[in-house]
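Keeping their order, the protein sequence lines are chains A and B. So for the first sequence, numbering that gives the first Met the number 0 puts the first residue at 0; every next one is plus one. So for the second sequence, numbering that gives the first Met the number 0 puts the first residue at 0; every next one is plus one.
FYI, nobody ran anything at the bench for these hints, they're computed from the structure. Keep in mind that a hint or two might mislead.
List of simulated lysine-lysine pairs, BS3-like, C-alpha gap at most 30 angstroms [to be verified]:
no., chain 1, residue 1, chain 2, residue 2
1, B, LYS270, B, LYS282
2, B, LYS4, B, LYS14
3, B, LYS91, B, LYS4
4, B, LYS270, B, LYS232
5, A, LYS1, B, LYS58
6, B, LYS282, A, LYS7
7, B, LYS14, B, LYS232
8, B, LYS25, B, LYS270
9, A, LYS7, B, LYS91
10, B, LYS91, A, LYS1
11, B, LYS4, B, LYS232
12, B, LYS25, B, LYS4
13, B, LYS232, B, LYS198
14, A, LYS1, B, LYS198
15, B, LYS58, B, LYS232
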Amino acid sequence: MKILAILKKELQTYFFSPVAYIIFASFLLITGYLFAVVMINTKLATLEPMFGNAAFILLLASPLLTMRLISEERRSNSMELLLTSPISPVEIVMGKFLACFTLYLVLILLTVQYPIILAQYADHLDMGPIYSGYIGLILLSAAFVSIGLFASTLTENQIVAAMISFGGMLMFWVFGWVKYALDNPLGESLAQLSILDRYQNFMRGVVDSGNVIFFVVFTVLWLFLATRVLESERWR
Amino acid sequence: MIEVKNVTKLYGNFKAVDDISFSVEKGEVIGLLGPNGAGKTTTMRILTCFLPASSGSVKVADFDVFEDSMEVRRRVGYLPETPPLYPEMTVKSYLRFISDIREVPASRRNERINDVVTRTGLEEHYTRIIGTLSKGFRQRVGLAQALLHDPEVLILDEPTVGLDPNQIIEIRGLIQDLAADHTIVLSTHILSEVSMTCKRVVIINEGRIVAVDSVANLEKQGEAGNIRRIVLKPASLDWQAGFENIPGVRIEGVATEGERVRFTLHTPDQKSYEQAFTTAAGKGHIFQEIVPARASLEEVFLRLTRSDDTSENGASQTKGGAAQ
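Make the full structure from the sequences, and use the hints.
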């Protein structure tokens, strides 16, 4: 499978270089610090703040993790290799997406220590919001990776790719903020596009199929657009 | 094997390639020759399905590069101008990755990797990280990549650029080996490379084909045959007049080296040359060197790639260079 070949190559790039480890370390340092301080002071057996913090850190870190996915191939001319090999843009995009998504899954897996620690101290830990929070975090990661991957197909400059994906993610993050100013159907429908509002539902323990579908469609849409950009090289 | 028909490639308003047509037979080695920016790389990118042509059609192994791009890609090995490498990978993991995306069957993978590693002389560097390899070895890894799936057609974009003389000789030897069972298109701006490796040349300038011919024919095209570089030990000071008394004979670029003179002798035909020789010998001048000057590919190339008003200049520059 050629998707697997790309996936394997990308994972090697992440894990054979310091990139993955630096990301893991700083992510765990920040989430761990906030988790410890919040838990000690509030004495609440909830992971809701952790999910909020994790999502916010991913918002900041995602452009850095995704910016090189395609841009780097363009800059180092290896795009010429991929596009003259019998491999389709769909396979390239899926391989890259799955590799970066795997990195996020490992990152999320590492945060499982927090509910385990919490369970040591809590008399009665409500597992519902924790499961739903993890479902939300995984869906959010997929969405972030796909939008970053799309931005990376647009340019050979990694900084530009990072700025585009950061701008895009932030836009979808803040869409909901206008609903207080725009108290009308327009504000309501704009708020529907907000990934933050939808993610907060997961944090509170609500797994709404509408929200799940939103994240899946969001991810697939950006991956589809990324594929189209790569395909357009052939007739541009 | 390769059919290029009326291909034009536009970048905006700039015509990188302008209505070129040529064909390559199975098993042939053809050289794309031209100054930098002539359209060689663009042509090769169109052949390898990396870029689409703006108009015209290209068939490789009877498949259209646009309609049946995947079939073409399976049959073509391509070494781009900059070898497409991942500096953080080892040669080993890189070649394994290539064998996956190039659809080398798992059963033949190790055999193929061993074969190309031996052919390109990478055995000792097999486990090294590509980023630490020298330019010459990176070029070899690039070549190994192009050969890995045992393609029928090889397209090599300036395969020897940036290598040292030893490496150039090795890579040329490798290309000559490969020529036995591959169809090869290679581009270069180094003329001697073409005469060494290719039988036929396509000369491109400013996006147009200015000549398609065999190397031998192109060399004949010049006014070769009747130019000789001569070193003479004259018996008297008026030696030059003795030659120039014969109708049509010219002497150029005279340089005196001690008691010897070095010059270029132009004669209209063989007969007048023989006459000049016997006359001079009769007067006691001693010929120490006679080198028949073939019009080098260089001169042909300069003549073809310069526009008319500058061609005079170009020709005299070459002659001046030869006399020094």
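Hints that the structure is at odds with (numbers, increasing): Going through the list in order, the structure violates hints 3, 6, 7, 8, 11, 13, 14 and 15 and respects the others.
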